[in-house]
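Engineer: Start from the sequences and build out the full structure, keeping to the hints where you can.
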Amino acid sequence: MKNLYRTVYLISVGFAVLASLSSCRKNTDNPGTEYASQMYHSVPYEGLSQVTDPTRDDYNTNVNNPHKMNMREPAPGTIKINGYNPKVGAKPKEDLMIYNLTKDDFEGAAMTLENPIAKSDQVIEEGKVLFESYCDHCHGATGQGDGEVGQVFKGVPSYSKGRVKEDKAGQIFHTITFGRNRMLSHASQVSVEDRWKIVHYVQTLQNQ
Amino acid sequence: MFLFNSIKKVFFSISLLFLVLVASPNFSQAADSTGAPAADASPATAGSPSIEKGKSLFEDNCKSCHAIKTIEVGPALKGIEQRRDRKWLHAWIKNSQKVIASGDPYATKLFAEYKGAVMTSFPSFSDEEINSILDYVKAEENKKDEVVASSGGAGNAVKTDDSSAGYVKILLAGFVIVLFLIIVVLVLILSVLKKNLVGNADLTEIDADLVNQKFDIGVVVRSKGFKLIVGFLFVAFVGKAALDGVMHIGMQQGYAPKQPIAFSHKLHAGKFKIDCSYCHTGVRKGKSANIPSPNICLNCHSQIKTTSPKLEALRKAVENKRPIEWVRVHNLPDLAYFNHSQHVVVGKLECQTCHGPVEKMEVIQQYSPLTMGWCINCHRETEVKTDGNGYYDNLVKLHAEKNGTPMKVKDIGGLECSKCHY
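Here the protein sequences come in this chain order: D and H. For the first sequence, counting from 1, position 106 maps to 106 in the numbering used here; every step adds exactly one. For the second sequence, counting from 1, position 77 maps to 77 in the numbering used here; every step adds exactly one.
For the record, the hints were derived by calculation from the structure and aren't laboratory data. Be aware that a few hints might be false.
[Said to hold, decoys possible] Derived DSBU-like pairs (lysine-lysine); straight-line CA-CA distance at most 30 Å:
#1 310(H) with 266(H)
#2 316(H) with 115(H)
#3 285(H) with 273(H)
#4 321(H) with 154(D)
#5 115(H) with 168(D)
#6 321(H) with 168(D)
#7 94(H) with 154(D)
#8 161(D) with 98(H)
#9 154(D) with 87(H)
#10 154(D) with 53(H)
#11 285(H) with 258(H)
#12 94(H) with 161(D)
#13 161(D) with 55(H)
#14 128(D) with 316(H)
#15 143(H) with 103(D)
#16 143(H) with 69(H)
#17 168(D) with 119(D)
[Claimed, not checked] Okay, the calculated beta carbon distance ranges per label pair:
#18 54(D) with 356(H): 51 to 59 Å
#19 78(D) with 387(H): 36 to 44 Å
#20 395(H) with 30(D): 25 to 33 Å
#21 387(H) with 163(D): 39 to 47 Å
Ideal Cβ positions, reconstructed from N, Cα and C, are used throughout, including at glycine.
Structural biologist: In structure tokens:
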């Protein structure tokens, strides 16, 4: 009888050891030891990293900004340097900086805005790559409004049928910049130059 | 036979009842349409050219916001002509804002109900075109019931399929428990049999030896070989653990911190196929790939899952104009310089080369070690993608003249200290 207890005991211990080994997993919430944290963390304020613990040597949080952020929103009215096309004597339409329309002026966009980038196969190809990054999960690969997100988002129109087919280049640019109906502004993600390249590609989809 | 007949009867009566139910709205419709306004001159029949035209117009212009039976962006169109007459509908479709501005009470109420969502105006539609759309809607609302009813069974079948992975796990756990129980039962049987045999005098010598054999664990534990094996295992395990600990100082591979919002890359990048650069906008433009600001989340979440408790932090961030405090996962030491655009645009690398299968990660984690050895190894092995990049033309020519091997990153300074450390 004593042997029996011992056997059962050994089997259970074996199981316990196996179970504890299999549950051994690295703590994924802890980045681990840092050897020289002063060399690892930037001394100047860096946008995407913050050491918020003031007791650490490498504390690098900007106390002067709201919420102690290291990044700030640009001041109102700021123009991105590469959104500006300072051609002396350029016609207003050629200068991207002239873009002073408001969100509601969709009709005005058709008249005042012209694509400053000349159409070429290479530009359309670049527009396609950008379209695949920024547009196709809603608008679909062929612009039919059938992208994976578009089906859930609802209300995404087709480019080649119905009212959107008639939209002019300036209106497509205006839509990306300010949004339209349910679509919100994508100006913070897509640069002015990239928007005009996307316009070229969208126009090929309108006429497919 | 009797049973079969009665089942048949029950089926028959159910389908009869079903048919009656389906058909009844049609009857009421027909009765209503007799009293409809003059614009509804000729009630079109299914398959007529008017309905076909209406169908294509509906699919090109209306479908993205309206469905027949369900509320999508705009109201469900079923029974629209019981709610409004055609004259009103014509005015509304041509310019809905004008109808609202005129102070029409129904229009104002509708506009408020849909939280000021503006319906696109279609001034270019002719009266005949609008009528054909309305005819199509009417034909469709009668038809839809059957489709919905017949697809009910299929929907259930799909559902059971989904949970099969869970069953497999339960089944496996069951097997393990059963196996363990079998072992216990076998040991018990063995001991009972032994107990019965111990006092038995009829046993042969060999059997008696077997029965009376004593297993003494003490002898095994005290033996030299056992001590040697245990000692070796102990040193090996402790040594490896210590070495691992030292080697992993400053290395954060596998780091997957809890984030303020349980954002799933598996859902967004995997299922919904949103491109990485849609949110990580800096990846082609600069050093950092960027962590998206709340306005980028809102591009979709202004409409999708707007009331989900999981997105509480997002709503609060937008409301209070305060950024979401994501925990940074990839902490490349400041002593090393890395540029995303250089690797993605010029090097034409896929994000997954370094970040692993992000589109399959429920919780984002650091996939690669991000050590210097790891960087250098890739620079030694990777060929420079020079196709279509005029900058490299001369370099490729010179390299080919000097040594015939393909031009790797190491050949253009990929191993220089000051390329990354300065």
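Engineer: Next, verify each hint and record whether it holds.
Structural biologist: How the hints compare with the structure:
no.	hint	in the structure
1	310(H) with 266(H)	holds (16 Å)
2	316(H) with 115(H)	holds (21 Å)
3	285(H) with 273(H)	holds (22 Å)
4	321(H) with 154(D)	holds (27 Å)
5	115(H) with 168(D)	holds (29 Å)
6	321(H) with 168(D)	violated (35 Å)
7	94(H) with 154(D)	holds (22 Å)
8	161(D) with 98(H)	holds (25 Å)
9	154(D) with 87(H)	holds (28 Å)
10	154(D) with 53(H)	holds (24 Å)
11	285(H) with 258(H)	holds (28 Å)
12	94(H) with 161(D)	holds (18 Å)
13	161(D) with 55(H)	holds (13 Å)
14	128(D) with 316(H)	violated (36 Å)
15	143(H) with 103(D)	violated (41 Å)
16	143(H) with 69(H)	holds (11 Å)
17	168(D) with 119(D)	holds (15 Å)
18	54(D) with 356(H): 51 to 59 Å	violated (34 Å)
19	78(D) with 387(H): 36 to 44 Å	holds (38 Å)
20	395(H) with 30(D): 25 to 33 Å	violated (45 Å)
21	387(H) with 163(D): 39 to 47 Å	holds (41 Å)
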